[in-house]
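> Note that the protein sequences, when read in sequence, are chains G and W. First residue of the first sequence? That's 1 in the working numbering, and the numbers climb one at a time after it. First residue of the second sequence? That's 1 in the working numbering, and the numbers climb one at a time after it.
Check each hint, because a few of them may be wrong.
[To be verified] Anything over 10 Å on all C-beta distances counts as not near chain G; from chain W, calculated: (1) Leu34; (2) Ile41; (3) Leu106; (4) Pro128; (5) Ser135; (6) Phe142; (7) Ala160; (8) Met189; (9) Tyr194; (10) Arg206; (11) Ile207; (12) Leu211; (13) Val249; (14) Arg255; (15) Met273; (16) Val277.
[Said to hold, decoys possible] Incomplete in silico selection of chain G near chain W, CB under 10 Å: (17) Gly67; (18) Gly71; (19) Phe84; (20) Gln85; (21) Ala96; (22) Gln118; (23) Leu171; (24) Lys173; (25) Phe232; (26) Trp349; (27) Gln350; (28) Pro351.
It is worth saying that the hints were derived from the structure and are not from the lab. Note that beta-carbon positions come from the ideal geometry of N, C-alpha and C, so glycine has one too.
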Amino acid sequence: MNDGIAIELDDIVKSFGDVNAVDHVSMQIRDGEFFSMLGPSGCGKTTTLRMIAGFEFPTSGRLKIHGKEMGNTPPYRRPVNTVFQSYALFPHMTVAQNVAFGLEMKRVPKEQIKERVQKALELVRLPTFGDRYPRQMSGGQQQRVALARALVNEPEVLLLDEPLGALDQKLRKEMQFELKRIQEELGITFIFVTHDQEEALTMSDRIAVMNAGRVLQIGTPTEIYERPNCRFVADFIGESNFIEGTVRASNGQYATIETSDGLEMQGYTEQPVSVGSSVVLSLRPEKARLSTVNGNNSQKHEANTFPAKVERVSYIGSDTRIIVRLASGRTIDVWEQNTRSTLDRDAYWQPGEAAILSCSVENALILTS
Amino acid sequence: MIDLSQTSSQTAQKSSTRKPFSLGKTTLTVVSVLTYMFLYIPIIILVLYSFTTDAFGARLTGFTLSWYEQLWRDQRLMGATLNTLYVAFVSMIVSTIIGTMTALALERFRFRGRAVYDAFLYLPVVIPEIVMALSLLAFFSFAFNLIRQLTGIQLRNGLATVIISHIAFSISFVVIVVRASLRGFDQRMEEAAYDLGANSWQTFWRITFPLILPGIIGGGLLAFTISLDDFIISFFTTGPGTSLLPVEVYSQVKRAVTPKINAISTLMLAVSMTLVVLSQVVQRPRT
């Protein structure tokens with residue numbers, strides 16, 4: 001029965017009135033995987049999660065959990081548990097009673113409940129908080145209780161709906177590691193919904209990037225970041241310079257592009273592009289390089305080199321972010337890591353300084369859209 | 001007028017740094033004090049005169065508790081009090097159950113005619129009580145006629161008709177209070193319960209009910225209070241031989257105002273105020 005697939009969505013559509021909140025989504029989530037659904041608000045990620053949980057039912061399409069068709073199975077008969085964004089802890093029950101709730105519903109014997117509740121609280125590092133009420137705890141602690149309340153039921157799949165959304169930056173980072181640790185310790189499948197790209201990249205085995213009810217790309221964090229398959233993904237994950245142009249020559253995975261401002265650039269593409277088609281080049285700011293005009297730099301021999309003028313320099317500690325203007329008037333963002341000595345007080349670049357902008361062919365991604 | 005208000009708002013803004021006197025603030029304070037005096041002086045006088053030794057209750061001649069003592073021995077008043085408590089209790093229980101279920105249905109389900117149903121529910125709160133009383137009276141005589149023609153049994157107005165009438169107008173108040181507490185209820189609580197394996201029945205009794213219980217108790221206490229001091233509807237729908245406290249007080253006042261009436265009024269006031277305070281306390285949000 002178990003072919004290693006925990007959740008299978010097959011051509012799922014969910015419409016509210018005339019709007020397709022989820023529009024022909026298909027994906028397979030593997031056993032033991034940390035799988036994230038990432039996208040802006042309203043992209044359909046939460047609706048997809050709610051259909052897996054059973055709070056919403058698909059308008060059409062098939063949804064299977066471990067090979068079993070879910071159809072209109074109510075949430076209380078599904079082998080999944082949810083951690084809600086707002087935690088949704090029961091305010092009239094103590095922490096221990098909250099965590100015990102699911103086991104009581106399954107009529108687990110009393111002594112066993114006590115033992116498993118304690119173990120769950122230890123797992124989330126709150127072993128002494130059983131007698132407290134949720135309102136007596138901080139947001140981060142409530143989040144851990146919500147996690148324990150779901151995990152104590154040993155679900156086949158754990159669903160997490162933006163669980164870190166309400167926490168401050170530092171706590172978020174802490175909980176990210178915590179979640180990853182727990183997931184690796186228990187080895188169960190986590191489906192994690194977030195709009196925070198960094199969060200998705202840090203924790204996930206695979207990410208599905210969604211927009212307007214559709215899945216645009218599914219892949220590992222590296223694949224999603226390094227090889228986005230469309231402009232939306234490249235734009236949503238990290239930052240990028242986008243340069244529109246037309247294909248002038250194509251040679252398998254390499255192509256020459258004439259940009260809208262008349263520059264010639266070499267780029268890399270996963271799928272071959274035909275000559276004459278309009279494309280967009282994506283260049284990550286940290287993959288663009290700046291070198292001095294007089295310097296004897298090997299980068300100058302890269303395929304894409306353009307004379308440029310430094311326009312603005314902002315120092316943000318770990319990086320320096322530079323905006324340069326090309327002769328054609330186009331501006332390009334370039335990020336340089338601050339690897340210089342702490343004793344070196346002079347900035348590398350000054351506004352108005354002439355420079356050479358370059359990037360390797362592989363880092364200029366050609367996207368069709 | 002315009003000048004006045006401008007001056008007062010300007011002074012109010014600067015009051016922390018400049019002179020503390022402000023015309024607007026002073027006027028407001030005086031008006032507030034006068035309003036409260038207007039509201040409470042009659043009540044205070046009523047309470048004071050329940051302790052007077054003057055038999056006509058016209059002067060404060062000394063302190064006595066004898067009027068309260070006489071209440072105990074007044075068979076008619078005690079009988080009316082028991083009737084009133086009985087009516088208030090039964091109508092509270094029934095209207096709370098029906099009102100809570102109605103509130104749940106209105107808040108949870110989208111059905112045809114919901115808006116109309118919603119609007120009609122609040123009608124008993126706003127229509128003149130005398131209209132409500134007359135319509136109930138007409139309804140009972142119509143219903144009793146019908147029953148007599150069908151079965152030959154003649155029913156008469158009595159405690160039962162008062163109870164039915166009180167239930168009828170209490171439901172609206174219960175619905176208003178319970179709905180308010182349902183609005184503050186986080187629906188995700190119920191989803192969380194389903195998610196943890198509880199079915200609808202278990203979810204209602206373990207999660208929803210305990211969380212909206214303060215609202216239900218508040219609604220019930222309000223229904224009890226309203227029933228307790230209702231005069232018009234009780235007066236119209238009660239039958240011969242069954243008397244209710246407000247009606248009984250009225251008939252005694254027609255003969256003579258004695259401090260005994262003040263005493264029973266003071267007691268009713270105390271009970272009503274206790275219940276209102278209690279209903280506010282149970283509805284107070286927990287922090």
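> Could you work out which of the previously given hints the structure breaks and list their numbers from low to high?
Violated: hints 8, 9, 10, 11, 12, 17, 18, 21, 22, 23, 24, 25, 26, 27 and 28.
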